[in-house]
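Peer 1: With the hints as extra help, turn the sequences into a complete structure.
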Amino acid sequence: MKLANKKAINKTKQVLTMVLITLIVIFNCFPIYWMILTSFRPETEIVSKVPKLLPDDNITFRNYRNVFSGYCGDVKITESAFVFIWNSLIVGITTTFLTLVLCSPAAYAISRIQFRGREAASSFALICYLVPPLALIVPVFVLCVKTGLNNSLLGMILVETIFNIPVCMWLLRGYFVKLPVEVEEAAVVDGCRRLQVITRIMLPMALPGLTVASVVCFLNAWNSYLFPLILLKSDPLKTAPVGLSIYLNEQIGMVWGEMMAAGAIIAVPVIIVFLLIQRNLVGGITAGAVKS
Amino acid sequence: MKNLYSKSETKIGYSFFLPAFIVLCIFLLWPCLQLLILSFTKTNMLRPDQAGKFIGLRNYINLYKNAEFWTAGYRSLVFTAIATVVSIVLSYLIASLVNFDFRGKSLVYAGLFLPWVISDVITAFIFRWSYDMTYGIVNYLLSETLHILSGPIPWLGRMDTAMPAVIIANVWRLMPFSTMVIIAALKQVPAGLLEAARMDGASNFRVHTKVIIPSIKAPLAVLYILRIGALFRSFDIIWLLTKGGPGNATNVLPIYYYRTAFEGMSLGSGAAIAVHILLFVIVCYYIIFRLFGKEAFS
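Going line by line, the protein sequences match chains A and B. If you're matching positions, the first sequence starts at 526 in our numbering and goes up one per residue. If you're matching positions, the second sequence starts at 35 in our numbering and goes up one per residue.
Keep in mind that the hints were calculated from the coordinates and are not lab data. Here the structure is a predicted model, which means the values were calculated and not measured. Note that the Cβ used here is the ideal one computed from N, Cα and C, for glycine as well. Each hint should be verified, as a subset may be incorrect.
Pair by pair, the computed Cβ-Cβ distance ranges are [stated by the list, open to error]:
#, chain 1, residue 1, chain 2, residue 2, range
1, B, Leu63, A, Glu644, 30 to 38 Å
2, A, Val706, B, Arg324, 25 to 33 Å
3, B, Leu228, A, Ser759, 53 to 61 Å
4, A, Thr672, B, Asn96, 26 to 34 Å
5, B, Pro53, A, Leu800, 28 to 36 Å
6, B, Leu63, A, Ser677, 38 to 46 Å
7, B, Gly90, A, Gln721, 45 to 53 Å
8, B, Leu63, A, Gln721, 33 to 41 Å
9, B, Gly298, A, Leu800, 37 to 45 Å
10, A, Phe607, B, Asn96, 39 to 47 Å
11, A, Ser648, B, Ile116, 40 to 48 Å
12, A, Pro580, B, Leu131, 26 to 34 Å
Peer 2: Written as structure tokens, this is what we have:
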């Protein structure tokens, strides 16, 4: 009798826990859901006193059409969202490429190669990693104006690369030190050259780490707001977060539909990337991403 | 194994590390120094290419005489403290709730982690819309559905509600990351220790305070300090939600810094504010470094 009772209590406890977990997850994801739902609604429904929490048949693509043609209501206020996305892609992809080319050998050096000054080198990497980009907006701005790199995508790419190198270098270092040394040693004993060891043995092993690093780097560049805000002044050059944040602007009135569509446009590629590599990412991020 | 510091190893080591080293020295450490130099000059936003006039400590003295600098610093501390504590306590509760095996676990984890990829800009969009006075979902739920409020509130437009509203948006954005870190930490708690505590008839609360929290003390402390360092320099969400307003209600140091440098056109005094943000962050990281060493950062 008593045992059955206890079992029943355990059962209800389990059910309650699951209900609670479900509620938390729903609550956690609701803002994203709400953004996507709003972005497909006609304005008459968005500005209704009683918001409808569930999707219905009354959907429209007008908000997206507007954002993709740079309209707000019936007025053209900016470039098409395609322009901003294109700029973001250029910056994001180039930054990721440059960052990985520069930081992977360096990360390899400070984690796997025995050389004089290695400790100093790794301290240097850590210090760079901990410099808060926010503090440097003024000197970076001054530097870019002096060199004529402000208001250009090239300047943007350089700035993003600079701030991503330390992040990815430190992330990869954390990853490289965990790889087994024995394999490398065995290869050396077998007469492999150092560079062969790196290209034939280390590179394949490091691939998951490199993937995580490139994703982190791309997301950082894609989501970056402050630096493009101060560096890119003309509309055709703006990246997605800065270009599209014009839809959040009291001066043009609050256009919720367009604003949510703009948000969804920035979010969608990121969410897709997230879902594709989620399993890799969770481990990789918690292993070595301090700056989030 | 090859000789320690053999010649060829050293050569490869240097050639691998040098490119990144040079780039970082020129473009990262030099601007740090530049920041310090700028803070001693009178540099105008309209002619940033012209080196400013050296004015010694004038920027700093003016800053310390300005009451808004101190209030902004105080606001930053309050914002940072509350957002840190709330996000980590909530993360801890959620992490311990989901830390067992059940069906659909990976789906739940994905759901918990999803807001992490949502950028600050999108977070600001969503919360701006949700907080809207007339059509926002927050007012609707609180006043029409739950009847907690008697009428709608302009959350971001009132002196007393703007800061809490901004904090909530930041907490939502930051929680996924700390939840994941804590989940990872909880896996390290030795199962035998938990069992022993339960066998001794310790209550759930005591198990948490006496067993679990002490054994994940280190990662928790690191998480706390990192979070403090990160929040103290967070800009995007607050800027897009309130621009520091209404009045100066959410004018934290990073906002004050941006406004001074790029709207007040005074890059020199902006740099002086940035030096303080930099110092605060350095102190945070130094504490971690002293307590837990270099590995705490990876």
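Peer 1: All hints, please: hold or fail.
Peer 2: To see whether the hints hold, each was checked on the structure:
{"no.": "1", "hint": "B/Leu63 to A/Glu644: 30 to 38 Å", "in the structure": "violated (18 Å)"}
{"no.": "2", "hint": "A/Val706 to B/Arg324: 25 to 33 Å", "in the structure": "holds (29 Å)"}
{"no.": "3", "hint": "B/Leu228 to A/Ser759: 53 to 61 Å", "in the structure": "holds (60 Å)"}
{"no.": "4", "hint": "A/Thr672 to B/Asn96: 26 to 34 Å", "in the structure": "holds (30 Å)"}
{"no.": "5", "hint": "B/Pro53 to A/Leu800: 28 to 36 Å", "in the structure": "holds (34 Å)"}
{"no.": "6", "hint": "B/Leu63 to A/Ser677: 38 to 46 Å", "in the structure": "violated (23 Å)"}
{"no.": "7", "hint": "B/Gly90 to A/Gln721: 45 to 53 Å", "in the structure": "violated (58 Å)"}
{"no.": "8", "hint": "B/Leu63 to A/Gln721: 33 to 41 Å", "in the structure": "holds (34 Å)"}
{"no.": "9", "hint": "B/Gly298 to A/Leu800: 37 to 45 Å", "in the structure": "holds (43 Å)"}
{"no.": "10", "hint": "A/Phe607 to B/Asn96: 39 to 47 Å", "in the structure": "holds (46 Å)"}
{"no.": "11", "hint": "A/Ser648 to B/Ile116: 40 to 48 Å", "in the structure": "violated (34 Å)"}
{"no.": "12", "hint": "A/Pro580 to B/Leu131: 26 to 34 Å", "in the structure": "holds (29 Å)"}
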